[in-house]
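Just so we're aligned: 1056 in our numbering is position 213 of the sequence shown, and the numbers increase by one with no gaps anywhere.
Just so you know, not all the hints are guaranteed correct.
[Unchecked claim] Below, a list of computed lysine-lysine pairs in the DSS-like style, where the Cα atoms sit at most 27 Å apart: (1) Lys1109 to Lys1070; (2) Lys1070 to Lys920; (3) Lys938 to Lys1070; (4) Lys902 to Lys920; (5) Lys938 to Lys1109; (6) Lys920 to Lys1113; (7) Lys920 to Lys906; (8) Lys1109 to Lys920; (9) Lys904 to Lys920; (10) Lys1113 to Lys1076; (11) Lys920 to Lys938.
[Said to hold, decoys possible] Restraint-style ranges between C-beta atoms, simulated for each label pair: (12) Thr1092 to Asn876: 16 to 22 Å; (13) Pro1102 to Glu905: 25 to 31 Å; (14) Lys1076 to Gly913: 14 to 20 Å; (15) Asp941 to Ser912: 34 to 40 Å; (16) Asn866 to Met1003: 37 to 43 Å.
Calculated directly from the structure, the hints in this document are not laboratory data.
The C-beta atom is built at its ideal place from N, Cα and C for all residues, glycine as well.
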Amino acid sequence: MSKLNIKLYLVLIVATLLSACANTTRPGAVGVNRSQFMMVSSADVERSSAASYNDQNQKAKEKNALITSGPTYDRLKVIANRLIPQTQEFRDDTKQWDWRLTLIDAPILNATCAPGGKITFYTGIIEQLNLNDDEIAAIMGHEIAHALREHGRERVSQAMAQNLAVNVAMAVAGGYGSAVSAANQVAHYVFVLPNSRENESEADAIGLELAARAGYNPNGAITVWQKMIKATKEKSSPEFLSTHPSGETRIEQLSALIPAVEPLYKAAPKPPSTKKL
């Protein structure tokens, strides 16, 4: 690649970076207000995620692990139906999302919400942590917040931008490809991981507000992380090498935000099934 072509390529990258900044949500009471880098369209990410979601459900069905009725499913459905309307405080288009709920019978401490509102819970996280409704709402709100902020789309965009930069670096470096590869590994820790931790903190904050607006005690977000710390005590990695904030950090950050959402919780109609903390 000639020096002129490299310069043109760099100009293209810069122009793309400048034109791809957006904020996917309103700040809310918790004040999440960060400009995000988006190179790919929401539609493309949602199509891909929907395919993965359907494949996940089909595999669970084949294993007789897909739960579509019963007390636990109904419990999740009630909580989801209270949380989903609150998403309009952050963005208007969620009225048109094709919201879905999946419950999979598996001993997994996890839950997700794919772009476009595809919620998945595993029985393991509910049963092993003995979650009450406030704690389920905290987890579900957190996962929904990832979809609202389009963190998956953001991560894909970051990867695309990184690949563009690496292509230019390879052209400049010529035969020094191994050096570029090493630099790329460093960039992963310097650039990607901090943003990922930031995404998790954003989801914690927005999820806290969603749950409070839906009438669920925001302190459920504290107790669920206390339980998670206990359940994963010997499996956690140091925070600086993790894509997630430590449980202790999350509790500290969430505790600081509770005064901002407490009035919302007090003003919200309370769900009859909410369990006391």
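**Message:** Please list, smallest to largest, the hint numbers that this structure does not respect.
**Reply:** Hints 3, 10, 13, 14, 15 and 16 are the ones this structure does not satisfy, whereas the remaining hints hold.
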